[in-house]
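2 protein chains.
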Amino acid sequence: MDKREDFLPPDDEIVLDDRDIRESETELDEDDRLRPEFVSDVLALAEAGEHEAARERVGRLHPADIADLFELLSDEDRPLFASVLGDLLSPDVLAEMNEHVREQLIDLLAPEQVAEIASELDTDDAVAIIEDMEADEQQAVLQAMEPEDRAAIEDALSFPEESAGRLMQREFVAVPEHVTVGDVIDRLREDQDLTSDFWEIFIVDPMHRPVGTCQLSWILRTPRDIAIGDVMKREQTLIPVDMDQEEVALRFQKYALISAAVVDKAGRLVGMITVDDVVHVIQEEAGEDILRLSGAGDGDINEPIRETYSARVRWLIANLGTALVASTIVAIFGGAIEHMVALAALMPIVAGVGGNAGTQTLAVTVRALAMNQLTDSNSWRAVWREMKIALLNGGTIALIAGTATALWFANPGLGGVIAAAMIVNIFVAGVAGVAIPLFLDRLDQDPAVASSIFVTMTTDSMGFLAFLGLAVASGLTSL
Amino acid sequence: MDKREDFLPPDDEIVLDDRDIRESETELDEDDRLRPEFVSDVLALAEAGEHEAARERVGRLHPADIADLFELLSDEDRPLFASVLGDLLSPDVLAEMNEHVREQLIDLLAPEQVAEIASELDTDDAVAIIEDMEADEQQAVLQAMEPEDRAAIEDALSFPEESAGRLMQREFVAVPEHVTVGDVIDRLREDQDLTSDFWEIFIVDPMHRPVGTCQLSWILRTPRDIAIGDVMKREQTLIPVDMDQEEVALRFQKYALISAAVVDKAGRLVGMITVDDVVHVIQEEAGEDILRLSGAGDGDINEPIRETYSARVRWLIANLGTALVASTIVAIFGGAIEHMVALAALMPIVAGVGGNAGTQTLAVTVRALAMNQLTDSNSWRAVWREMKIALLNGGTIALIAGTATALWFANPGLGGVIAAAMIVNIFVAGVAGVAIPLFLDRLDQDPAVASSIFVTMTTDSMGFLAFLGLAVASGLTSL
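Residue numbers (our numbering), protein chains in the order written: chain A, 29 to 507; chain B, 29 to 507.
Treat each hint with caution, since some may be false.
The calculated label-pair distances, taken between Cβ atoms and stated as ranges, are [to be verified]: (1) A/253 - B/108: 34 to 40 Å; (2) A/258 - B/332: 14 to 20 Å; (3) B/76 - A/258: 22 to 28 Å; (4) A/69 - B/165: 53 to 59 Å; (5) B/214 - A/409: 51 to 57 Å; (6) A/127 - B/416: 20 to 26 Å.
Computed footprint of chain A on chain B; a stretch qualifies when at least three of its residues, placed anywhere within it, have a C-beta under 8 Å from a C-beta of chain A [stated by the list, open to error]: (7) 95-105; (8) 240-252; (9) 278-286.
In case anyone wonders, no lab produced these hints; they're calculated from the structure.
Note that the structure is predicted; figures quoted are calculated from it, not measured.
Ideal placement from N, C-alpha and C gives every residue a C-beta, glycine not left out.
Here chain A stands alone, though its shape is the one from the complex (with noise of 0.2 Å):
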């Protein structure tokens, strides 16, 4: 284990004092939210027309509190608050901003205003504000910008949505081999224009192809006179343009990457991804496994009515169809049930705790799958194992349901097809959560879109065929 490094004196010379407390953390409760009445106060500040006032108290804040206080205001609230806060409304406010949130704004200035905006931006926080402007708006907020602003976004959105290219910076620092430890060192400090948000520098060779990386801490405890060629890490983690950002996010993890060189078919060096853009790629994509997995679509609280309403209704119409199969199930033994209306009184059982135990299995399969954990080396591994576990589960929630269910009716004959159903129906969930995730996977559909839909029709359709089929075999009802 390294030492630990403070230059400090010992303890002794130590006076105490008291301590200044960060005033914004007052309008922050404990869990780095804005306090509500932080919120309904500045508010009425602004309603009220006293707008210094306002200002004043949300100058304070963090550009990302900033934007948090917008998401909070109502539709109806933010473009009185957006004209009141003036300059505080800044491009880093932003570009912290819920994207659906930022459109309402956006849509308020005029094309010069966003292209301003955009210029003072690193080119990926720019992108991410214009990729989601209409067409014609986008065409003139670029032909507002300075060329050299205007073809650095061009050619970022000529990249695919969610890629590499878009999430890319194209500030960065590059040096050839050869030079030294303190050549790199005098440049950055003639240099004004250079970018200062960068935590590791690239080599390249005369093709511009990246053959390094090194970290500023090493450049720091290196002699001047070293070449920088004999500090860098040769193996290095490159990204291609093209490349997806959930696998770039995954990559940055499964490396524990800073930042990362990103680079052109040909392999020369075009853009620099930095963690902090990751992260929320990272929070993004293993939140959206959940959302899709219950048909919710982006799942954004701010995310106009209209967009949801679309999202997720067309989800609910394809559960009316998937449900219609146990419908028809139900049908066929119409008969059966007529016969023994308890038979109806357990349906609920059957079908909640399948359907449970179908989206136990599919969860761990998505998220699995998800973080690359499940291979082709490992998948029949992961079948087998879910079948032990559904056998156990099925075991036990038979022996519970089927000893409630021949107490409660005082029949034990339907105790036991309950019992006997319960294991088939959660063996029948178990295969079914595992293996449609995979055979989804395989066929490179996304596991968290489809699956559920087809998982809970499985579940649901096997489990009344099961319950029912077995009372009627049973001899303790007819059709």
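Following the hints, put chain B in place on chain A, whose structure we already have.
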């Protein structure tokens, strides 16, 4: 926008040549997963006793990929493979490994070997390995460590699990405010004991409390005679040592941090958290919600089956209990179903669509709560929003289901009943899906864990009550 800096000759001086491909890339597929052929090849080599050849092929991999390799092997193959690989199974590999797989391998080692491994890692990684061990094994390992390392680990273990104190490393760089940039660089060059993975340095007062943070790039770009206090940023985000790791992750994400100072109750700097550790937490926490909502426990495909069984069966039993509520309602309407068995056939549609609508709202609400997007400021607005969406969805589904039912059973009255039931059912699902997690969150309960079971219970029982109740009330059937 800043300009890119590359210190390179113009394009026309560049000469094309062939490009080396990293050899290890041929072991990985396009998604950075180990190819199944590679996995079976090296396993075959190990089993055939060709240890040197196996080591040679595995040795080309990044530690993170060697860790993946162990995860892809079966429980039975791992010990053999560990003995074949020898010191290729390095501390770094173990630090990257899934905790369940690592536990299996650690169990094979003597306490002295574990102690040696832990000593080579940063505190946070060493703690991750040691914290999961049984108390007596843990003691044996700690006894075998150097006093200084042991003290650091014991200090970390004194903080609650999943807190900043466990996540932080004790290796960082802190300097007093008055030193110059040149002093800092000289000291960094001289001190060979220093950690080399840091991206920012902290500036502290004589009490050792952080007063500012300085990115390494700012140091590199500033003349040597400037005081570090004039380069640093005073606004900084401090992490209390007892903060939960989920909050730490949100703070890193919100303020786009690369590293942050961890402070004790007296405000003194005690450690540093870097973003690469937080990336794992973000991924875990975001993925946890989907697993918790489905009641899949930890949901790790490497978890021992007995633990998985115990986590899941508990949830299925709870589900059995709540399904009983729906069953009871159906049982009450037993007579109505006996008189009109078509009702039983339509029950799966009521349960399926209502359940899905509830899950959609639930998933969106749980995500928004986890990301601090939903606070007291906008929770009523969120409920109101879900009501409007539920009415739109309910109306659409009612139209489709009502028409289809009227045609299927040639019974317009039944169509009307299911249409009305769908509107009620989806509305109740929408309200329950947003209100239940908000309520649990206000009680400081994790909304992801318990919401699902209450929402399903509500949608199932209210759905059947509305459907069967309306059928009786409308005179279609009788009790």
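Here's how the hints hold up against the structure:
no.: 1; hint: A/253 - B/108: 34 to 40 Å; result: violated, 50 Å
no.: 2; hint: A/258 - B/332: 14 to 20 Å; result: violated, 48 Å
no.: 3; hint: B/76 - A/258: 22 to 28 Å; result: violated, 41 Å
no.: 4; hint: A/69 - B/165: 53 to 59 Å; result: holds, 55 Å
no.: 5; hint: B/214 - A/409: 51 to 57 Å; result: holds, 56 Å
no.: 6; hint: A/127 - B/416: 20 to 26 Å; result: holds, 21 Å
no.: 7; hint: 95-105; result: holds (count 4)
no.: 8; hint: 240-252; result: holds (count 9)
no.: 9; hint: 278-286; result: holds (count 9)
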